[in-house]
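Work the whole structure out from these sequences, hints included.
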Amino acid sequence: MSDSELTIGAGHGALLEASPYGLQSKKLAMWLFIASDAVTFTAALVVYGFLRIGSPDWPRPFEWPSIVNGLVMTFVLLSSSLTMLVAVRAAKASQKSKAIRWLGFTMLLGVIFAALHLREWFHMFGEGWGLHKNPMGGPLDFGAAFFSITGLHLLHVISGVVALLVITIGYKTNWLDDNHVETTSLYWHFVDVVWMFVFPLMYLMNAR
Amino acid sequence: MATDHDPSMATYLGIWVGFLAIVGIEVAVTYRHPATKDLLAILLILAFIEAGIGLLYFMHMKYERKILFWTVVPITLFVLFMMDHFWADAFRMFNLRLTQ
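If you read the sequences in order, they're chains E and F.
For what it's worth, this note's numbering labels the leading residue of the first sequence as 1, then goes sequentially.
For what it's worth, this note's numbering labels the leading residue of the second sequence as 1001, then goes sequentially.
Keep in mind the hints are simulated off the structure, nothing from the lab.
Careful, some of the hints might be misleading.
To be verified - Using 25 Å as the maximum straight-line C-alpha spacing, the simulated DSS-like pairs for lysine-lysine come out as follows:
no., chain 1, residue 1, chain 2, residue 2
1, E, 26, E, 98
2, E, 26, E, 96
3, E, 172, E, 98
4, E, 96, E, 172
5, E, 172, E, 26
6, E, 172, E, 92
7, E, 92, F, 1062
8, E, 92, F, 1066
9, E, 26, F, 1066
10, E, 92, E, 26
11, F, 1062, E, 26
Printed below as a string of structure tokens:
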């Protein structure tokens, strides 16, 4: 899409002056949201990092099966970014049914990720872990850090699946267009990028 | 616009394989049991490499106008730096409870 088409499509205000970013406003808004969300996650991870380094008796609860579970979750989420890319390419090429199919695969992978995550959580609850419970002794902060950071990420994944479902329905019924699919893909890739920090810091740093 | 310069699917697949390889390296390094600070540094470096590639290619930052990068990234880094070192919340960490 050319700048002039973009400007015309963006409403009366934009007719006065083209966006210096060459983006639709919704895509720019998504970038700004992602920046603010990145700050939230980083703040949580930095505090966790200070606690982790500052506690010599920090617990290391994750044995190899938990790491394997985390690796499978990582594989699933990374793959979901790939299926999202295919969906966006198909949407941009006006291949509607193909785009919807790949959006479906992306949602399915998101649901599998969430299910694996919850399975890990319930396994830990069964071992006595909780927000302020540490069955291994030592700092109680592990549970607070682990469940709050992974919980925040899980909330993003579940929100992403819901957003993708809404976008898919809207795209299928011509209420939304390929730009909405592309904008939502930014959010989905961001959730993937956050996991690139959460997995090594929360799982690998606490592996036995 | 980003779509004029989209990488091929082969490029995306290559990046995806690269990500999996980096995760493999992270696990291999972890099980060599380095000192905690060293492990944190190595894992962070690898995670930043992954995130940078994801930002540039999967999120198409590389194919957008440069002004988007210069608007979003430096300001975000500035906020993080100030938040972790100078603004009031940074000092709360000195008083955090480390043991039960």
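- Item | Enumerated hints in conflict with the structure, sorted upward | none
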